[in-house]
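Enquirer: Below, each chain spelled out in residue letters.
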Amino acid sequence: GDSVTQMEGPVTLSEEAFLTINCTYTATGYPSLFWYVQYPGEGLQLLLKATKADDKGSNKGFEATYRKETTSFHLEKGSVQVSDSAVYFCALSGLGGFKTIFGAGTRLFVKA
Amino acid sequence: GAVVSQHPSWVICKSGTSVKIECRSLDFQATTMFWYRQFPKQSLMLMATSNEGSKATYEQGVEKDKFLINHASLTLSTLTVTSAHPEDSSFYICSARDEVAGGLSYEQYFGPGTRLTVT
Numbered sequence: 001g002d003s004v005t006q007m008e009g010p011v012t013l014s015e016e017a018f019l020t021i022n023c024t025y026t027a028t029g030y031p032s033l034f035w036y037v038q039y040p041g042e043g044l045q046l047l048l049k050a051t052k053a054d055d056k057g058s059n060k061g062f063e064a065t066y067r068k069e070t071t072s073f074h075l076e077k078g079s080v081q082v083s084d085s086a087v088y089f090c091a092l093s094g095l096g097g098f099k100t101i102f103g104a105g106t107r108l109f110v111k112a
Numbered sequence: 001g002a003v004v005s006q007h008p009s010w011v012i013c014k015s016g017t018s019v020k021i022e023c024r025s026l027d028f029q030a031t032t033m034f035w036y037r038q039f040p041k042q043s044l045m046l047m048a049t050s051n052e053g054s055k056a057t058y059e060q061g062v063e064k065d066k067f068l069i070n071h072a073s074l075t076l077s078t079l080t081v082t083s084a085h086p087e088d089s090s091f092y093i094c095s096a097r098d099e100v101a102g103g104l105s106y107e108q109y110f111g112p113g114t115r116l117t118v119t
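Here the protein sequences come in this chain order: A and B.
Under the working numbering, the first residue of the first sequence is numbered 1, with each subsequent residue one higher.
Under the working numbering, the first residue of the second sequence is numbered 1, with each subsequent residue one higher.
Derived by calculation from the structure, the hints in this document are not laboratory data.
There may be inaccurate statements among the hints.
According to the in silico footprint, chain B covers these stretches of chain A (three or more CB under 8 Å from chain B) [stated by the list, open to error]:
id, stretch
1, 39 to 52
2, 104 to 112
Only pairs whose alpha carbons sit at most 27 Å apart, straight line, appear in this in silico DSSO-like list of lysine-lysine [to be verified]:
id, chain 1, residue 1, chain 2, residue 2
3, B, K14, B, K66
4, B, K41, A, K60
5, B, K64, B, K41
6, B, K41, A, K99
7, B, K66, A, K99
8, B, K41, A, K77
9, B, K55, A, K99
10, B, K41, A, K111
11, A, K77, A, K111
12, B, K20, A, K99
13, A, K56, A, K77
14, B, K64, A, K99
For glycine and all other residues, C-beta sits at the position ideal for the given N, C-alpha and C.
With the hints as extra help, turn the sequences into a complete structure.
Expert: Below is the structure:
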C-alpha cells in the first residue's frame, strides 16, 4: 500500500549546521508531497509542499524537491537555528480522496 | 490563512465518563474533516473522516461506537470519546481542507490538538 518512510530521529545538530531529513514514499499514483512541522504541545503546521515531479517546495529556509525517479522528498536547510527544534513529518496525499498518509516523524534538536 | 481551532486544548476526565472535543474551521467551510490520534513521540494515526451531513468513515480498527463523530455544519465537527478509559489518553488532532480557496489542493490545516487524560 501507499506509505511514507522517513529517517529515524532524534537528529541533534549545532546551530548553523546543515540539515537533511530523508523521506521516501511508495505510491501507486502521483501524490502531492508535504512536510509538516510540529512544535512541542501544538498541532501540525504546513512547512512546504510540492504537487508534481521536479517541483521544489521552500519556506523559512527549508526546501525539498519532489524526485519521482527516486520517490524521495528530502528536507534540507542550510543553517538551522535553535527555534527549528521540532518534529518534522513527511506526508503524501492525493491518492483517492483527500486522506493524508504521514511518516513516523523525525525529531530535531538544535543546540546553541 | 485558514485556521482550525479545537476545544478544549486539554481535558482530564474520570474513567467511564464521556468527553466531547470540538473542531472548528474559523474562516472557511469544510465538508470533510479528519480526526487523528497521536501517541507520545509517534506519528499521527488517522481515526476517521468526518463528513458534513452524513456518517463518518472510520479507519480499520477504530471503534465507531467508542469514538462518535458528528459533523453537523460546514464549520464544526465533534469527536466524543464515550466511556473513556486510561488507554484512550492521547493527543487528538483534527484537520480540514479549505475546499473553496484550496481547490484540488491536498493541503490540510490542522487544529492545535486536544490532550486527553483519563484517570
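Enquirer: For every hint, state whether the structure bears it out.
Expert: Hint check results:
{"no.": "1", "hint": "39 to 52", "verdict": "holds (count 8)"}
{"no.": "2", "hint": "104 to 112", "verdict": "holds (count 3)"}
{"no.": "3", "hint": "B/K14 - B/K66", "verdict": "holds (16 Å)"}
{"no.": "4", "hint": "B/K41 - A/K60", "verdict": "holds (24 Å)"}
{"no.": "5", "hint": "B/K64 - B/K41", "verdict": "holds (25 Å)"}
{"no.": "6", "hint": "B/K41 - A/K99", "verdict": "holds (22 Å)"}
{"no.": "7", "hint": "B/K66 - A/K99", "verdict": "holds (22 Å)"}
{"no.": "8", "hint": "B/K41 - A/K77", "verdict": "holds (23 Å)"}
{"no.": "9", "hint": "B/K55 - A/K99", "verdict": "holds (16 Å)"}
{"no.": "10", "hint": "B/K41 - A/K111", "verdict": "holds (20 Å)"}
{"no.": "11", "hint": "A/K77 - A/K111", "verdict": "holds (15 Å)"}
{"no.": "12", "hint": "B/K20 - A/K99", "verdict": "holds (23 Å)"}
{"no.": "13", "hint": "A/K56 - A/K77", "verdict": "holds (13 Å)"}
{"no.": "14", "hint": "B/K64 - A/K99", "verdict": "holds (18 Å)"}
This entry satisfies every hint, going by the numbered hints stated previously.
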